[in-house]
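Student: Note that the protein sequences, when read in sequence, are chains V, Y and F. When you line the first sequence up against this note's numbering, it's residues -13 to 330, in that order. When you line the second sequence up against this note's numbering, it's residues -13 to 330, in that order. When you line the third sequence up against this note's numbering, it's residues -13 to 330, in that order.
There may be inaccurate statements among the hints.
Just so you know, same-sequence chains aren't split out, so a pair can sit in one copy or run between any two.
Said to hold, decoys possible - Calculated lysine-lysine pairs in the DSS-like style (CA-CA distance at most 30 Å, straight line):
1) Lys186 / Lys176
2) Lys(-10) / Lys103
3) Lys48 / Lys(-6)
4) Lys87 / Lys118
5) Lys312 / Lys323
6) Lys87 / Lys(-9)
7) Lys(-9) / Lys186
8) Lys48 / Lys(-9)
9) Lys327 / Lys312
10) Lys39 / Lys323
11) Lys186 / Lys(-10)
12) Lys43 / Lys(-9)
13) Lys43 / Lys(-10)
14) Lys176 / Lys43
I should point out that these hints are in silico values taken from the structure, not numbers from a laboratory.
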Amino acid sequence: MRRKKGLKLNLNELAARLNATLVQDEGNEVIIEGLATLDDALGHNLSFVGSAKLRDKAINSKAGAFLVNYDLQLEGRPCLQVENVWRGVIQTIDIFYPDEKAITGIHPSAVIDPLAKIGRGVHIGPNAVVEKEARIGNDTEIGAQCYVGRAAVIGENTVLYPNVTIQERVIVGSRVILHSGVVLGADGFKYEVIDGLPCKVPQVGIVVIEDEVEIGANTCIDRAFLGETRIGHGTKIDNLVQVGHNCRIGNFNAMAAGVGFSGSVTTGTGCIFWGQAGIREQVTVGDGTIVGGQSGVTGDLPAGAHVFGTPAVPLRDAARQNAALKRLPDLIRRVNKMERKPTK
Amino acid sequence: MRRKKGLKLNLNELAARLNATLVQDEGNEVIIEGLATLDDALGHNLSFVGSAKLRDKAINSKAGAFLVNYDLQLEGRPCLQVENVWRGVIQTIDIFYPDEKAITGIHPSAVIDPLAKIGRGVHIGPNAVVEKEARIGNDTEIGAQCYVGRAAVIGENTVLYPNVTIQERVIVGSRVILHSGVVLGADGFKYEVIDGLPCKVPQVGIVVIEDEVEIGANTCIDRAFLGETRIGHGTKIDNLVQVGHNCRIGNFNAMAAGVGFSGSVTTGTGCIFWGQAGIREQVTVGDGTIVGGQSGVTGDLPAGAHVFGTPAVPLRDAARQNAALKRLPDLIRRVNKMERKPTK
Amino acid sequence: MRRKKGLKLNLNELAARLNATLVQDEGNEVIIEGLATLDDALGHNLSFVGSAKLRDKAINSKAGAFLVNYDLQLEGRPCLQVENVWRGVIQTIDIFYPDEKAITGIHPSAVIDPLAKIGRGVHIGPNAVVEKEARIGNDTEIGAQCYVGRAAVIGENTVLYPNVTIQERVIVGSRVILHSGVVLGADGFKYEVIDGLPCKVPQVGIVVIEDEVEIGANTCIDRAFLGETRIGHGTKIDNLVQVGHNCRIGNFNAMAAGVGFSGSVTTGTGCIFWGQAGIREQVTVGDGTIVGGQSGVTGDLPAGAHVFGTPAVPLRDAARQNAALKRLPDLIRRVNKMERKPTK
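Throw the hints in and build the complete structure from the sequences for me.
Tutor: Shown next as structure tokens:
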């Protein structure tokens, strides 16, 4: 829960809090009450200029003052210069819209099995359910109506928003954020045809979510057939993403909304998957790979690949083919004409 | 909740209720007990003919009678002529399958914070949770197991089906319908790289859902970074749709299932997005734009655009390119042949 | 709930339980404690070789023994030969990781309407809600926080994982598995423009899920406008799938994650839809059709079709066009050159 605090700070006070250098032509007394974008900012707002390209827009903005990098000045407008604008933005939000932890304690309507182990400083919201042998680490928040299955393990300082479902034996690390509607540990999609009929192969593996992962609303991470499905440290996953059974997602990956991973996909460190991309089963993707929006990856990708299209090809090839395709109707006409021309 | 009422009406009675003109050759006494499609209708069903193209199908249908527009007659079959067939269909459903409002009152298992404000005639279902300072307008239904977060505001005559999650400070208008699994106000997907690591930028904005919006099952609308994510009046959103942070969706848009909007997309009035289409961040789309299924919009679109493909191009160009692509393998053979031909 | 049992079996005991033929060169006393893949297996694991191609990988694996088909031997490694490896795998899982049924009975926190009919041996988990006139068959498990709407009917031996939502009048068969977040029976997406504004057409039909269907996490199956939306016997649906109103999905279909069906799609028996495919409304697809990942089907498909691309074309044509597209940039250069050549 973050809410505006009603705080008012003058620029000197704010500069001190942000460890910023105040640059202003005149001694006008701007009072800042919150943060806003260049488009929305009014005189009582601090705004921020993340790129020198936004300089003119900033100068024309109504903001009372601006967070900028040390190398930027906006003539005649008060600036707070910092080393990193985005760190400044985050600090400013923490000042004006502080994060209020949920009240510690277990709501009386929550159903907690007596054999669950609940750490110190834990919040468990109304109508949540925590099953037998589940373990919840210190200072973790379990939102209203969440479900924590039997023998599931959740680390410290982790936040589950309302309506998260964590199935049996799933392991979630510390400082993880799980948004509403997330389902961790549903069965992988695995059938084998026996005697002509599809037979369900029981999924007895687990899901492991490492520390500092964030998972968006209504995203699903399936449990492994055997072994584990693993999401690496610091990986950030948007809403409505599917990660199939036995995937091994590396550290610090980013997946935009609607991405789908089939089973047993392996990714390196720092990969980016843009919206609605899909990855075929068993594929291995190297470090730092970027997969464009709506692309379909059908084979392994080396480290540093940047691909696009279905089936995905290197972005440069995709762009060249796409440009050529636009010229194709005309090309057909030209070839028709050449064929008609008598080669006397 | 809608259920068949067990009502039986003869055609004169039904004509009177629908304000329709009964046209029939003979005085046969058809009794109507419900509505059915041309394929499924039996003698006790009213069916409907939405288009003159369905005339033959209607004449061969077993339906007892037909709703038709004033300009259509079906020889020898009883017809109820109305000004607008679909209005007639909706009225007929309201007659035979009336909408029963949930019983007013708060179920004893619901957990309502004493500082929440609940209007007159509100229904709150079993195991629902309404947090501190939330406000729920008159005659609104909050389904079983719904979550209404702190300081969220919901208008009048709005319906939340079971299992909807509304996070803190989200604003929902009047006569809105939210289907099960909807999540309003999860954090936008926003990280900035600081010192080489992705840092979460706190999302302190809100979501505003204007009046008469409908949102399908398991759809997610993220809260804004700063400011608001807004869904305009009368917009209809299907299941499993993603609307990213700071989008400003216009009035009377329609989004089919699986559509994904990245952050900060702006749309005009009356836009249509067919299934699984995706829109890149920051894009602006003009009034009345139509985006084809699975298309990927990567740049701004003028009013009235009709686009298709990834990256999306005008539908006409996409069709021409696609037709040309089918001829490409043959074109390559023809060019090969021309090259081999000696140009003596 | 499946957990490892802590069982230890020697190969003769295991062979007897699996009705397998033990083939081993020497009398070494391998003790098996569980099942693992070739990659992960250690000396106390049974592994399995589903294909002769994996022979070398198997021989180099650390597994203590191997499930193989009767026609395969791995020199010097103990093998349990069976008629069907996958049946053996499933049986082995059932031995080492037995399925523990949830404890029979209704949790005191569940809210069950007195007019609901609950069969023998039913489990209803904490905070579940079962509405008036709902009927739940014998030995069915309703997970924590599930919602079963008014007059919904659920068969025998069916499992609802936590947080499933079943709306009013939906019919679910026997031996069905519904994963967390599934929504059955939300309204179909149907509006008609009357007097220039989109008007909601009430959806008064139902959903019918036949026996032995499995539906993945956060998947949505919409109720019909009139009549029914039907999922045929034995069909398996993965996570985050959308099935629109009035679809009639045949028996033993398989749909991978992210697939979307518009309204009124009809499919035959044994169709396969790979990840993120989309099917346009009103389309009919014949028996045994295969639709490739991310493909968009825009028209009817005959039995046995195998299609790919958007709009989908026969896989062979798609592959040929795709190969030709890769050569297109070069083709344009060649045609440019031919045009420049003087045809003296």
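Student: Against this structure, judge whether each hint is valid.
Tutor: Each hint tested on the structure:
no.: 1; hint: Lys186 / Lys176; verdict: within (6 Å within a copy, 35 Å between copies)
no.: 2; hint: Lys(-10) / Lys103; verdict: between (35 Å within a copy, 21 Å between copies)
no.: 3; hint: Lys48 / Lys(-6); verdict: within (18 Å within a copy, 66 Å between copies)
no.: 4; hint: Lys87 / Lys118; verdict: both (26 Å within a copy, 14 Å between copies)
no.: 5; hint: Lys312 / Lys323; verdict: both (19 Å within a copy, 19 Å between copies)
no.: 6; hint: Lys87 / Lys(-9); verdict: within (14 Å within a copy, 40 Å between copies)
no.: 7; hint: Lys(-9) / Lys186; verdict: between (53 Å within a copy, 20 Å between copies)
no.: 8; hint: Lys48 / Lys(-9); verdict: within (22 Å within a copy, 60 Å between copies)
no.: 9; hint: Lys327 / Lys312; verdict: both (25 Å within a copy, 24 Å between copies)
no.: 10; hint: Lys39 / Lys323; verdict: neither (48 Å within a copy, 42 Å between copies)
no.: 11; hint: Lys186 / Lys(-10); verdict: between (51 Å within a copy, 18 Å between copies)
no.: 12; hint: Lys43 / Lys(-9); verdict: within (28 Å within a copy, 62 Å between copies)
no.: 13; hint: Lys43 / Lys(-10); verdict: within (26 Å within a copy, 60 Å between copies)
no.: 14; hint: Lys176 / Lys43; verdict: between (54 Å within a copy, 22 Å between copies)
Consistency with the previously given hints fails for number 10 only.
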